[in-house]
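Trainee: For the protein sequence lines, the chains are A and B, in the order given.
If you're matching positions, the first sequence starts at 1 in the working numbering and goes up one per residue.
If you're matching positions, the second sequence starts at 1 in the working numbering and goes up one per residue.
Rather than coming from a laboratory, the hints here were simulated on the basis of the structure.
All figures in this text were calculated on a predicted structure; none of them were measured in a lab.
Just so it is clear, CB atoms sit at the ideal spot from N, CA and C, and this is done for glycine as well.
Keep in mind that a hint or two might mislead.
Cβ-to-Cβ under 8 angstroms is the rule here; a few derived chain B residues that face chain A [said to hold, decoys possible]:
hint : residue
1    : 251
2    : 258
3    : 275
4    : 360
5    : 366
6    : 389
Simulated coverage check for chain A against chain B, where a stretch passes if three residues somewhere in it have a Cβ under 8 angstroms from a Cβ of chain B [as the list claims (entries may be wrong)]:
hint : segment
7    : 6 to 20
8    : 38 to 44
9    : 55 to 63
10   : 66 to 73
11   : 76 to 83
Restricting the straight-line Cα-Cα distance to at most 20 angstroms, the calculated cross-link-like pairs of lysine to aspartate or glutamate (DMTMM-like) are [said to hold, decoys possible]:
hint : chain 1 : residue 1 : chain 2 : residue 2
12   : B       : 219       : B       : 282
13   : B       : 375       : B       : 328
14   : B       : 375       : A       : 98
15   : A       : 59        : B       : 259
16   : A       : 37        : B       : 259
17   : A       : 14        : B       : 45
18   : B       : 219       : A       : 28
19   : A       : 14        : B       : 372
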Amino acid sequence: MSTLAELARLIRSKNAGPFELTFDIMFDDVATYERVKRSGAITREVVARCYGLQPDAVKFFLCDSALAIKASIPRPYFQGDLRDSDGHGGQQYAPLMDIVVD
Amino acid sequence: MTASSDEVRVLSPTGVCGSGFLESSFEAALALGPHFIGVDAGSTDPGPTYLGTGRTAFPREAIKRDLRLMLRGARRIGVPLLVGSAGTAGGDLQLDIVRGILEEIAGEEKLSFRLALIHAEQGKDYLKRRLREGRIKPLSPAPEFDEATIDRSAHIVGMMGAEPFQRALNEGADVIIAGRASDTAIFAALPLMKGIPPGIAWHAAKILECGAAAVVQRKTPDCMFAWLRRDHFVVQAPDPALRCTPQSIASHSLYENADPFHLVECSGTLDLTHSRYEAIDERTVRVTGSGFIEAPRYTVKLEGAEHVGFQSVLIGSIRDPYIIRQIDDWSARLMDKIHARVAMVYGDRVKTEDYHVNLRIYGKNGTMGPLEPVKEIRSHELCLVFETTAATQDIASTIAGITRHQALHLPIPEWSGLITGVACPYNYLERGPVYRFNVNHVVEPDDPCEMFPTDYVTIATGAARSRAA
Numbered sequence: 001m002s003t004l005a006e007l008a009r010l011i012r013s014k015n016a017g018p019f020e021l022t023f024d025i026m027f028d029d030v031a032t033y034e035r036v037k038r039s040g041a042i043t044r045e046v047v048a049r050c051y052g053l054q055p056d057a058v059k060f061f062l063c064d065s066a067l068a069i070k071a072s073i074p075r076p077y078f079q080g081d082l083r084d085s086d087g088h089g090g091q092q093y094a095p096l097m098d099i100v101v102d
Numbered sequence: 001m002t003a004s005s006d007e008v009r010v011l012s013p014t015g016v017c018g019s020g021f022l023e024s025s026f027e028a029a030l031a032l033g034p035h036f037i038g039v040d041a042g043s044t045d046p047g048p049t050y051l052g053t054g055r056t057a058f059p060r061e062a063i064k065r066d067l068r069l070m071l072r073g074a075r076r077i078g079v080p081l082l083v084g085s086a087g088t089a090g091g092d093l094q095l096d097i098v099r100g101i102l103e104e105i106a107g108e109e110k111l112s113f114r115l116a117l118i119h120a121e122q123g124k125d126y127l128k129r130r131l132r133e134g135r136i137k138p139l140s141p142a143p144e145f146d147e148a149t150i151d152r153s154a155h156i157v158g159m160m161g162a163e164p165f166q167r168a169l170n171e172g173a174d175v176i177i178a179g180r181a182s183d184t185a186i187f188a189a190l191p192l193m194k195g196i197p198p199g200i201a202w203h204a205a206k207i208l209e210c211g212a213a214a215v216v217q218r219k220t221p222d223c224m225f226a227w228l229r230r231d232h233f234v235v236q237a238p239d240p241a242l243r244c245t246p247q248s249i250a251s252h253s254l255y256e257n258a259d260p261f262h263l264v265e266c267s268g269t270l271d272l273t274h275s276r277y278e279a280i281d282e283r284t285v286r287v288t289g290s291g292f293i294e295a296p297r298y299t300v301k302l303e304g305a306e307h308v309g310f311q312s313v314l315i316g317s318i319r320d321p322y323i324i325r326q327i328d329d330w331s332a333r334l335m336d337k338i339h340a341r342v343a344m345v346y347g348d349r350v351k352t353e354d355y356h357v358n359l360r361i362y363g364k365n366g367t368m369g370p371l372e373p374v375k376e377i378r379s380h381e382l383c384l385v386f387e388t389t390a391a392t393q394d395i396a397s398t399i400a401g402i403t404r405h406q407a408l409h410l411p412i413p414e415w416s417g418l419i420t421g422v423a424c425p426y427n428y429l430e431r432g433p434v435y436r437f438n439v440n441h442v443v444e445p446d447d448p449c450e451m452f453p454t455d456y457v458t459i460a461t462g463a464a465r466s467r468a469a
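Work the whole structure out from these sequences, hints included.
Mentor: Given below as structure tokens:
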């Protein structure tokens with residue numbers, strides 16, 4: 001059993017334009033990527049749960065060529081709005097780090 | 001123009017004009033014989049302030065350094081230089097700033113060339129007409145957009161496609177400074193004119209627009225180079241220490257995109273579903289199989305910023321565990337006190353709906369706000385950031401002053417007597433005007449160039465003679 005943080009080479013978040021946030025979970029090798037992909041530990045539903053959203057609000061992608069898993073969500077506040085706390089969206093990925101992969 | 005339709009070679013010196021690149025990489029890339037040099041100079045990433053105010057996110061001197069090297073290099077080998085999204089937001093004020101920098105460099109370097117300035121700022125009457133015609137459509141998610149939004153906007157720009165660049169190249173421009181442009185359009189425009197298929201042209205452009213960002217481990221912003229051919233493109237970073245691998249190039253389509261397989265442009269959608277990435281050697285990658293789906297209607301994305309008000313900022317911290325354990329209740333009571341005191345000071349002149357007090361609590365959920373899953377505070381201290389926003393700086397600062405005094409002495413039941421419950425390193429700071437993005441919509445124009453009028457200017461060793469077209 002490992003966490004996603006231990007298995008990924010990089011977990012990051014970033015703006016995808018001013019209205020969406022996107023998460024990239026990237027792996028070093030095919031074996032690790034395939035292990036995580038097949039484990040079912042990270043899915044659209046899991047990402048939705050991490051951020052308190054309905055699954056249909058989450059875009060979810062498996063990117064085989066890039067050895068990466070990707071998800072995008074609407075921003076809670078648009079970039080730069082009075083209540084927005086993260087102008088670049090760069091520090092929103094921490095809840096994904098603790099996801100457990102069997 | 002020396003390009004044959006068999007191969008178009010492209011140099012992207014850096015991901016953003018003003019962020020820098022190594023001169024050694026740039027010289028190595030010039031030796032590869034690029035058919036043009038392209039550079040993206042903007043983004044929404046620094047926030048709405050730049051579109052709102054017309055300032056540039058990168059310092060003037062940093063932009064000038066990069067632009068000088070690019071202009072000198074392009075003129076030396078006699079190829080076009082294409083700059084898109086000039087001065088961060090690509091509005092008219094920023095176009096003027098970059099034009100000024102360029103003319104300064106031309107004078108200092110004794111360079112002569114034909115300059116095209118492509119405007120991207122949109123007139124309010126034009127937008128209202130298109131809105132009434134039902135030819136402004138929302139993307140998702142989109143804020144409300146009506147005539148009042150247009151009136152409130154400080155600036156609205158359209159994000160141009162490849163066609164305005166192509167028109168300027170056909171008019172014989174040596175240097176193009178464009179307002180807001182799709183990052184990729186800068187790099188796809190000329191290859192498309194030379195007959196490179198759109199899937200290849202747009203995918204290569206997507207890699208190139210970020211400079212060396214698609215290498216395995218970027219040390220510093222630097223150059224990227226691509227060879228575009230009829231059925232594939234090849235990409236390599238000119239610095240021999242930088243490596244492109246199939247994975248690093250494939251991964252790049254993830255960066256700052258909501259959907260890694262479908263990238264929407266004005267004229268259609270780049271489709272990377274069937275893209276294949278192969279290593280040619282340990283630092284060079286060949287890409288095949290990228291497609292492009294023509295859109296049934298040409299669309300131009302809008303970006304707008306409106307003035308929200310003036311803001312003052314107060315920073316403080318709390319170390320008392322009694323206050324920390326009741327921070328939510330403490331904050332709610334504080335807000336009531338602030339509103340009561342503002343009403344006392346201003347009466348009817350400033351109502352509750354006329355100002356906004358925002359409190360961020362670092363150590364609780366300051367970074368993630370409503371997305372924060374951790375509910376329990378484990379920190380022995382909290383940082384508080386208050387922002388007060390109102391119609392004038394004076395009112396914003398008055399409310400910041402009220403906030404400070406109310407927060408300092410807000411009583412808690414555990415202590416009797418006057419307390420000072422917040423540590424402030426200094427008094428409030430005045431942030432000036434603040435803006436917000438207010439548009440996530442597209443326009444359906446009659447013609448890809450109608451929103452992007454172009455001025456042609458002959459620069460003769462820095463002296464300009466102008467002609468509008």
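Trainee: Does each hint hold? Answer for all of them.
Mentor: Against the structure, the hints come out as follows:
no. : hint            : in the structure
1   : 251             : holds, 4 angstroms
2   : 258             : holds, 4 angstroms
3   : 275             : holds, 7 angstroms
4   : 360             : holds, 6 angstroms
5   : 366             : holds, 6 angstroms
6   : 389             : holds, 6 angstroms
7   : 6 to 20         : holds (count 7)
8   : 38 to 44        : violated (count 0)
9   : 55 to 63        : holds (count 3)
10  : 66 to 73        : holds (count 5)
11  : 76 to 83        : holds (count 8)
12  : B:219 <-> B:282 : holds, 18 angstroms
13  : B:375 <-> B:328 : holds, 11 angstroms
14  : B:375 <-> A:98  : holds, 16 angstroms
15  : A:59 <-> B:259  : holds, 8 angstroms
16  : A:37 <-> B:259  : holds, 18 angstroms
17  : A:14 <-> B:45   : holds, 9 angstroms
18  : B:219 <-> A:28  : holds, 19 angstroms
19  : A:14 <-> B:372  : holds, 16 angstroms
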